[in-house]
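Asker: With the hints as extra help, turn the sequences into a complete structure.
Those sequence lines, one after another, are chains F and A.
Numbered by our numbering, the letters in the first sequence go through residues 81 to 485 in order.
Numbered by our numbering, the letters in the second sequence go through residues 5 to 298 in order.
FYI, nobody ran anything at the bench for these hints, they're computed from the structure.
Just so it is clear, the structure is predicted and the values come from calculations on it, not from any experiment.
Glycine included, C-beta positions come from ideal geometry on N, C-alpha and C.
Please note: incorrect hints may appear among the correct ones.
Said to hold, decoys possible - 16 Å max Cα-Cα, derived EDC-like pairs, lysine to aspartate or glutamate:
| no. | chain 1 | residue 1 | chain 2 | residue 2 |
| --- | --- | --- | --- | --- |
| 1 | A | K37 | A | D180 |
| 2 | F | K473 | F | D389 |
| 3 | A | K140 | F | E351 |
| 4 | F | K270 | F | D303 |
| 5 | F | K240 | F | E467 |
| 6 | A | K140 | F | D323 |
To be verified - Covered stretches of chain A, going by a simulated chain F footprint (3 or more residues, C-beta under 8 Å):
| no. | segment |
| --- | --- |
| 7 | 214 to 223 |
| 8 | 262 to 273 |
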Amino acid sequence: MKKSMKKLLSLAMAIALAASLTACGSGKTSETTAAGEKAASGESSGAAASGEGSFKIGGIGPITGSTAIYGQAVMRGAELAIEEINADGGINGAQIVYNFQDDENDTEKAVNAYNTLKDWGMQMLVGTVTSAPCIAVGAESSNDNIFQLTPSGSAVDCAKFENQFRVCFSDPNQGAASAQYIGENKLATKVAIIYDSSDVYSSGIHDKFLSEAPNQGIEIVSDEAFTADNNTNFSVQLQKAQDSGAELVFLPIYYSQAALILAQAKQMGYEPQFFGCDGLDGLLTVENFDTSLAENVMLLTPFAADAKDELTQKFVTTFKEKYGETPNQFAADGYDAVYAIKAAAEKAAITADMDASAICDALKTSMTEISVNGLTGENMKWSKDGEPDKAPKAVKIVNGVYTAM
Amino acid sequence: MMSFISYFINGLSLGSVYAIIALGYTMVYGIAKMLNFAHGDVIMIGGYVVFTVVSTMGLGPVAGILLAVILCTVLGVVIEGVAYRPLRMASPLAVLITAIGVSYLLQNIALLVFGSNPKSFTSVVTVPALKLLQGKLIISGETIVTIISCIIIMIGLTMFIKKTRAGQAMLAVSEDKGAAQLMGINVDGTIALTFAIGSALAAVAGALLCSAYPTLTPYTGSMPGIKAFVAAVFGGIGSIPGAFIGGLLLGVIENLSKAYISSQLSDAIVFGVLIVVLLVKPTGILGKKINEKV
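Answerer: Written as structure tokens, this is what we have:
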């Protein structure tokens with residue numbers, strides 16, 4: 081009797097374990113169906129507006145799944161820009177038709193979405209939103225010679241091919257941009273760095289920052305690393321930064337470690353200026369985080385919804401009216417991407433009856449000749465290798481909210 | 005010099021957390037002769053209990069720690085009863101694998117219940133920071149409390165084992181399980197008590213660990229768990245003062261090598277020291293060499 085009870089118990093444990101495993105699996109299937117429905121409805125609304133003599137712009141990004149917040153923001157930002165342009169007479173007199181497909185931040189689904197759009201007759205692609213799918217789609221689009229402009233794919237390889245451009249800074253270029261920002265705004269001359277040497281994003285930014293710092297009159301007084309296996313105790317790194325007399329501590333890391341660093345700096349009574357990149361975006365959303373710790377932290381992010389310039393104000397108001405939420409940097413990236421395409425298309429004087437390959441060849445050249453005043457930067461220019469050239473923008477956390485500087 | 009003292013004290017604080025966790029490892033190993041790899045995850049569960057009680061329910065930190073101690077004790081006894089006791093006669097390898105399984109089970113349960121987003125832990129320590137030498141040397145309240153708790157726990161455990169009947173029973177079971185049973189000692193009960201004490205310590209360690217390094221994820225316990233296991237081996241697994249010394253040494257070596265050699269290589273140096281120690285003294289610093297009887 082006792083033995084069979086035990087067997088029963090271990091069986092129950094095994095079932096519980098199996099159930100917890102399948103729970104993840106079933107979650108994913110339900111997402112897929114939801115995605116299918118959304119994609120289908122998105123396509124039908126696009127098809128309804130389609131007509132002769134119009135440009136077909138496709139979009140790809142995650143609008144379901146764990147990174148849905150990024151994809152939805154880009155989709156809406158781009159949609160807003162396209163509606164404005166269409167109301168204003170379109171590009172070179174032709175209206176834009178827009179078709180956005182879901183990729184759930186999955187490389188395979190992104191390529192499928194790309195093929196769907198190609199069958200639909202896409203002439204230009206705004207996307208994809210996240211880095212890994214962007215790299216996968218890039219291999220296809222360069223093969224087909226279709227113009228691709230990613231709003232937010234920041235990995236280096238997202239602009240690997242000639243037909244690929246991007247709106248956001250690449251990961252390592254955030255390092256150079258941070259150094260420029262600190263130098264130009266004279267935030268500090270003595271800077272300490274704490275970075276994650278086991279992470280490609282963090283070490284990429286770190287390396288570029290290090291090489292750009294001397295050009296900006298910045299002296300690196302302390303350069304300390306941590307690794308993924310040793311990322312809770314920062315007392316030594318902070319102590320070294322403090323002893324070296326650094327006025328500013330540069331944190332090119334993700335927000336979960338940054339939250340720890342801020343808390344430990346407070347424990348030891350150290351209060352320098354902290355400065356981070358877009359990895360810090362999310363700091364204020366950490367559950368139970370004492371936002372007073374983040375007071376005065378600066379981060380390099382291309383867009384602040386409360387900026388006072390006219391363009392941002394107008395964008396934020398329209399976006400709020402239409403979608404009922406405050407736009408984030410991804411929405412701004414999507415918005416700017418569409419306007420960049422408009423500017424390049426007008427410069428190259430392309431027409432809607434040209435095929436995708438001819439448009440791509442024309443845009444490849446004209447992208448490097450335009451200058452766009454967008455939400456994420458004034459006088460944005462592009463180099464031949466697809467990287468944007470714009471002044472970096474930063475925000476400061478004041479009273480627990482992002483404040484434009 | 006001032007920074008050396010500061011690195012050293014921070015190392016002691018880190019080492020004290022390792023030591024408290026290592027005490028749990030070493031007791032279970034000494035008495036049940038098994039490596040309880042789920043120990044680190046009991047720490048994580050303790051952390052989540054304190055977090056839920058203090059931050060979500062709004063009760064005081066004392067209530068949080070008490071509840072965490074109670075729940076972790078129950079959890080430890082349940083794990084022992086369900087997962088390890090049926091395997092008492094099986095090969096040590098089977099128990100080891102089960103322990104790894106329990107570790108993953110606990111991590112995944114935490115992942116399902118609390119999600120993967122990190123949570124910021126409100127410190128349970130209310131002791132103010134100590135400012136010495138006109139504010140040149142600041143010792144945080146967490147550091148003070150951690151080091152003192154570690155010393156109290158270590159003394160308490162030694163007294164418990166030396167002075168009480170239950171403690172004597174533990175010693176007897178650890179020396180010879182079969183003989184102890186013949187002498188009328190309840191072996192299963194003694195082992196369950198060991199797990200109860202080890203898990204209660206894990207709850208305290210969880211609260212202290214998360215107060216000093218205030219972030220909580222389902223994987224919070226795994227790396228400190230492994231380091232504490234190393235500390236236990238370092239000091240001589242099975243020996244209570246050994247776990248204490250091993251933990252403190254490990255923390256200090258880790259922090260000093262971070263400070264003076266390389267912040268990236270500190271783990272490599274810690275494990276390198278472990279290898280050297282084990283080459284010279286295979287049973288660890290305070291480990292006893294017991295000759296197998298024929």
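Asker: Does the structure break any of the earlier hints, and which numbers would those be?
Answerer: No hint contradicted; all consistent.
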